[in-house]
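J.: As a plain string of letters, each chain reads:
2 protein chains.
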Amino acid sequence: MAKRQLRLGAFFSLPGNHLGGWRHPDASPDANTNFNRYLELARIAERGLYDTIFFRDTAAVAGADAMFAGDRSRSRLARIVMLEPVMALAGMASVTKNIGLIATATTTYNEPYHVARRFATLDHMSDGRAGWNLVTSQFEDEAANFGLDKHPDHADRYARAGEFFDVVAGLWDSWEEDAFLYDKAAGEYFDFDKMHFLNHKGPHFSVRGPLNLPRTPQGRPIVAQAGSSGPGMDLAARTADLVFTAQIEIPEAQAFYRDLKARLHRFGRGPGDLLVLPGLTPVVAPTMAEAREKHEQLQELMPDEVALSSLARLSGGLDLTQFPLDGPLPPLPPTNSGKSRQQLAIDLARKHSMTLRQIARHVASAAGHRVIVGTPTSIADEMQAWLEADAADGFNVICNHYPVPFVEFTEMVIPELQRRGIFRTAYEGTTLRENLGLATPRNRYAA
Amino acid sequence: MAKRQLRLGAFFSLPGNHLGGWRHPDASPDANTNFNRYLELARIAERGLYDTIFFRDTAAVAGADAMFAGDRSRSRLARIVMLEPVMALAGMASVTKNIGLIATATTTYNEPYHVARRFATLDHMSDGRAGWNLVTSQFEDEAANFGLDKHPDHADRYARAGEFFDVVAGLWDSWEEDAFLYDKAAGEYFDFDKMHFLNHKGPHFSVRGPLNLPRTPQGRPIVAQAGSSGPGMDLAARTADLVFTAQIEIPEAQAFYRDLKARLHRFGRGPGDLLVLPGLTPVVAPTMAEAREKHEQLQELMPDEVALSSLARLSGGLDLTQFPLDGPLPPLPPTNSGKSRQQLAIDLARKHSMTLRQIARHVASAAGHRVIVGTPTSIADEMQAWLEADAADGFNVICNHYPVPFVEFTEMVIPELQRRGIFRTAYEGTTLRENLGLATPRNRYAA
Chain A
2 MAKRQLRLGA FFSLPGNHLG GWRHPDASPD ANTNFNRYLE LARIAERGLY DTIFFRDTAA
62 VAGADAMFAG DRSRSRLARI VMLEPVMALA GMASVTKNIG LIATATTTYN EPYHVARRFA
122 TLDHMSDGRA GWNLVTSQFE DEAANFGLDK HPDHADRYAR AGEFFDVVAG LWDSWEEDAF
182 LYDKAAGEYF DFDKMHFLNH KGPHFSVRGP LNLPRTPQGR PIVAQAGSSG PGMDLAARTA
242 DLVFTAQIEI PEAQAFYRDL KARLHRFGRG PGDLLVLPGL TPVVAPTMAE AREKHEQLQE
302 LMPDEVALSS LARLSGGLDL TQFPLDGPLP PLPPTNSGKS RQQLAIDLAR KHSMTLRQIA
362 RHVASAAGHR VIVGTPTSIA DEMQAWLEAD AADGFNVICN HYPVPFVEFT EMVIPELQRR
422 GIFRTAYEGT TLRENLGLAT PRNRYAA
Chain B
2 MAKRQLRLGA FFSLPGNHLG GWRHPDASPD ANTNFNRYLE LARIAERGLY DTIFFRDTAA
62 VAGADAMFAG DRSRSRLARI VMLEPVMALA GMASVTKNIG LIATATTTYN EPYHVARRFA
122 TLDHMSDGRA GWNLVTSQFE DEAANFGLDK HPDHADRYAR AGEFFDVVAG LWDSWEEDAF
182 LYDKAAGEYF DFDKMHFLNH KGPHFSVRGP LNLPRTPQGR PIVAQAGSSG PGMDLAARTA
242 DLVFTAQIEI PEAQAFYRDL KARLHRFGRG PGDLLVLPGL TPVVAPTMAE AREKHEQLQE
302 LMPDEVALSS LARLSGGLDL TQFPLDGPLP PLPPTNSGKS RQQLAIDLAR KHSMTLRQIA
362 RHVASAAGHR VIVGTPTSIA DEMQAWLEAD AADGFNVICN HYPVPFVEFT EMVIPELQRR
422 GIFRTAYEGT TLRENLGLAT PRNRYAA
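Those sequence lines, one after another, are chains A and B. Residues in the first sequence are numbered from 2 upward in steps of one, following this note's numbering. Residues in the second sequence are numbered from 2 upward in steps of one, following this note's numbering.
Simulated from the structure, these hints should not be mistaken for lab results. It is possible that part of the hints are untrue.
Any copy, or any two copies together, can satisfy a pair, since identical chains are not distinguished.
Unchecked claim - Quick list of in silico lysine to aspartate or glutamate cross-link-like pairs, EDC-like style, CA-CA up to 16 Å:
#1 K352 with D27
#2 K195 with D72
#3 K98 with D128
#4 K4 with D391
#5 K185 with D27
#6 K185 with E301
#7 K98 with D179
#8 K202 with D150
#9 K4 with E429
Quick caveat: nothing in here was measured; it's all calculated off a predicted structure.
Generate the whole structure from the sequences, applying the supplied hints.
T.: Structure below.
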C-alpha cells in the first residue's frame with residue numbers, strides 16, 4: 002500500500018514572515034504589492050506540486066492602532082500593506098493549472114452574499130481550485146475601518162461566523178448541478194425547479210438568495226480555518242475541510258490533532274474529512290552549520306524595538322525596554338487569551354536559557370509558528386516524524402522572506418520528501434478537492 | 002492638428018445584451034460563467050485597441066423577485082448569472098497589457114474600505130488600468146440578499162453614494178507616492194510622515210484608514226458612473242472621469258452631454274475632465290440588406306412573453322397579454338421614474354407605426370440602448386456624426402451575443418474608424434488614464 006502522503010501549503014506571508022526578513026540582501030521588499038512577484042511565486046509553487054497557495058488577510062494596516070497612537074517604530078515593519086488576496090488569486094488562476102488557491106476573508110466585517118459569490122467565482126475561474134479561509138477578525142485595527150469603535154467580543158464573533166458559514170454554504174447550493182440547460186431550440190436557459198431560494202433568517206443575517214452563479218466545479222470551494230479555541234475547534238469540526246494551526250512541539254500538536262479529529266463524529270464526519278496543517282518556517286542549507294549561520298544572520302536584521310514590541314503584544318503591552326536585553330526573560334503578567342502564545346514563549350525561554358533579546362527575536366521571527374533550521378534531510382526527518390506521529394497531515398510552509406527561501410525549500414526539501422515516498426511527484430487530479438483527497442459534497446436539494 | 006478621437010469601451014453584457022441572443026446558433030450561451038470565454042473576449046478587445054473593458058453588475062439573480070413570486074417564464078433569460086466582475090478583471094489583467102479594466106460595484110450594499118481596496122488592488126495588478134463604475138443599486142432583487150426588506154429610496158441611495166465616494170477617494174490618498182522607502186540598511190520600510198489616517202465620520206460611514214495598499218500606478222483608479230437623474234448627474238460632475246449613458250437620438254444626447262459638461266465648472270473641473278460614452282449595440286454586415294436580415298433573425302429568437310414582460314416593466318407591471326400582439330401599442334399608464342424609457346418607447350412606436358410585438362421586442366432587445374443596424378460605413382458615419390455633434394465622446398459597444406458580433410464590430414467597423422483618423426492605431430500610453438487622455442490627480446497630502 003502507498004505511504005500516507007504529506008499535504009503542503011505554500012503560505013505566502015508577504016513580503017516575508019520574519020519581521021526583519023525584507024531587509025535580507027536576497028529579499029524582494031515589494032513582494033507584497035508587486036503582482037509580478039506573486040505570479041513568480043505561483044509558478045514556483047506549482048512546479049513544486051504544493052497542494053495549495055494560502056494567503057492571510059487583514060482588512061486594515063496591521064498595527065494601525067499603534068501608529069494612530071504615535072508609534073513611529075512601526076515604520077520598520079513591512080507586513081502592513083498587501084494586495085487583496087482573493088483578487089490576487091484570481092490573477093494567479095490565469096497562469097496556473099493545478100495548484101489550489103486559498104485566501105482568507107473575515108466573517109466579522111463582510112456580507113455572506115459577497116463572500117459566497119467571490120469564492121464561487123474563483124472556483125469557476127480556476128476550474129475547481131478555490132478555497133476560503135474562514136476567520137473571525139483578531140485585530141482591533143479592522144474595527145475602525147468598518148464603523149465600529151470596538152471590535153466585537155470572541156463569543157459574538159464566533160456566533161456570527163457560524164451563521165455566516167451556513168449562509169455561504171446555503172448559497173453555494175442555490176443551483177443543482179444540472180440546472181443550466183442552454184436549450185437554444187426550446188428557449189429554456191435553465192430548469193426552474195433546480196434553482197433554490199435560501200430564505201435564511203437568523204440573528205445576524207437575512208439572505209434570500211439564490212446566488213447568481215451556477216454550482217461550482219468542486220461542488221463548493223474548500224473551507225479552511227485556523228481557530229484553536231474551543232468554539233473555533235467546534236466550528237472547524239462542523240464546517241472545515243482543512244485547519245491551519247500553530248504548533249511547536251509534537252506532544253501538543255498530537256493533542257490538538259486528536260482533539261480536533263475527535264470532534265468530527267458529532268457532525269457526522271470522519272477523521273479523513275478534515276486535514277490539519279501546522280505552519281512551518283524552514284531555514285534550510287546543505288549543512289547544519291550553514292543553516293544555523295543563515296538563521297543567525299536573519300535574526301540580526303530584526304531591530305530590538307520590533308522584537309520587544311512583538312513580545313510585549315503577547316503580554317498586554319508591558320513595557321519591556323525597562324529590562325536588560327541580555328538578561329533573562331522578566332516575569333510577564335497573565336493574559337486571558339485562549340491558547341497562550343505567551344506561555345509557549347515563557348516555557349521556551351526557560352528550557353533553552355534564552356535572554357530577553359533572544360526570546361523576543363524568536364517570538365517576533367516565528368509569529369507563533371515553528372521554525373526549523375536544518376538540512377534537507379533533517380527537515381524532512383522532522384516533517385516525516387510529525388506525519389507518522391499523527392501530529393499533522395502536512396504543513397503550511399511559511400518563509401522568512403521571498404522568493405529565495407521558498408525556492409530553496411522547494412528545490413532542496415521537496416525532492417527529499419518525494420524520495421521517501423511521502424509527497425506526490427505529479428498532481429493526482431484537476432481540482433483542489435481531488436488533490437487533497439476530499440469527497441465532493443452533495444447539493445442539499447439533489448434528488 | 003489631429004482629429005478628435007473616439008473613445009471605445011467594450012461593454013460585455015454576458016452572455017449577450019439581446020434577451021434572445023444566447024439562442025443564436027453562433028452564441029456561446031455560457032459566456033457569462035465560463036472564464037475561458039472572458040479571456041478570449043479580453044484578447045479580442047485588446048487587439049481591437051478598445052480603451053477599456055466594462056462590466057455591469059448585480060449582486061443578485063436579476064429578476065429574482067419575479068421568480069420568487071412564481072414567474073417561471075424567467076427560465077428563458079440568460080442574464081441572471083455571471084462571474085463577479087472585479088474578480089474576472091483580476092484574471093483578465095494577467096493576460097492583457099494595455100486595455101482598461103472597469104467594473105461596477107454598488108455603493109448601496111458594500112463597505113467603502115472593501116471597494117477602495119479591491120479597485121486599488123486591481124490598479125496595482127494591472128499596472129494602472131483599473132476603473133470603478135460607481136452605482137447605486139437599481140434592483141429590489143439585491144435588497145433581500147443584504148438583510149433589507151425594502152430597497153432604500155433614491156435620495157438615500159445618492160446621499161450614501163456621495164459619501165461612499167468621498168471615503169474611497171480619501172482612502173486612495175492614504176499613502177503619498179514616495180511613502181515606501183524599502184531602505185534595507187536603515188531598516189526603514191516606509192516614511193511615517195507620508196502615511197495618512199482618513200478619520201472620516203459621516204452620516205453613513207465612519208472609516209479611519211489608512212488603506213493597506215500603496216498609492217496606485219494611476220494615482221487612483223478611473224471612476225465611471227451611469228446616473229442620469231439630477232442627483233446622479235451632479236455626483237458624476239463632482240466625481241466621475243467617465244459617464245456611461247443610454248441615448249437614442251442626437252438632440253437628446255447633445256442636451257445630456259451639454260447639461261453634464263456644464264455642471265463640471267461648479268466643481269472646479271473642465272469639459273475635458275469627464276468623458277461621455279453612450280451605449281451602442283451594432284448589427285453589422287457588408288450590405289444593409291444583410292444587416293437587416295440579421296437583425297430580423299435575432300428578433301425572432303425573442304419569445305413573446307419575454308418581450309412583453311420587458312415592456313411591462315417600463316409600465317408598472319401592466320398585463321400586456323390582454324392586447325393583440327399585432328395591433329398598435331395600447332395606452333400605457335404614467336410612471337414616475339426620472340427620465341422615462343417608457344416615453345421613448347411610446348414615441349418610437351408612434352413614429353414608425355410599430356405593432357405591440359415589434360415595440361416590445363425593440364424595448365427588450367436594446368435594454369434602453371441604441372441599436373444600429375448597418376454596414377461598416379453607415380455605422381462609422383453615425384458614430385462620427387455623434388462625435389462631431391458633441392453628442393458623445395465615444396461609445397460603449399454592447400453586443401447582442403458573444404463572441405461573433407463583437408468580433409464583427411472589431412474587425413469591420415474599427416478599421417473604418419481608423420481610416421477616418423478618429424480612432425487610434427496603437428495605444429498611446431500604458432495606463433487607462435493615459436489612454437483616455439485624463440490627468441493624474443494629485444494626492445491631497447502632497448507638499
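J.: Against each hint, give a clear statement of whether it holds in the structure.
T.: Results of checking the hints against the structure:
no.: 1; hint: K352 with D27; in the structure: neither (33 Å within a copy, 72 Å between copies)
no.: 2; hint: K195 with D72; in the structure: between (56 Å within a copy, 14 Å between copies)
no.: 3; hint: K98 with D128; in the structure: within (8 Å within a copy, 24 Å between copies)
no.: 4; hint: K4 with D391; in the structure: within (14 Å within a copy, 73 Å between copies)
no.: 5; hint: K185 with D27; in the structure: between (57 Å within a copy, 11 Å between copies)
no.: 6; hint: K185 with E301; in the structure: between (67 Å within a copy, 12 Å between copies)
no.: 7; hint: K98 with D179; in the structure: neither (25 Å within a copy, 37 Å between copies)
no.: 8; hint: K202 with D150; in the structure: between (27 Å within a copy, 12 Å between copies)
no.: 9; hint: K4 with E429; in the structure: within (15 Å within a copy, 58 Å between copies)
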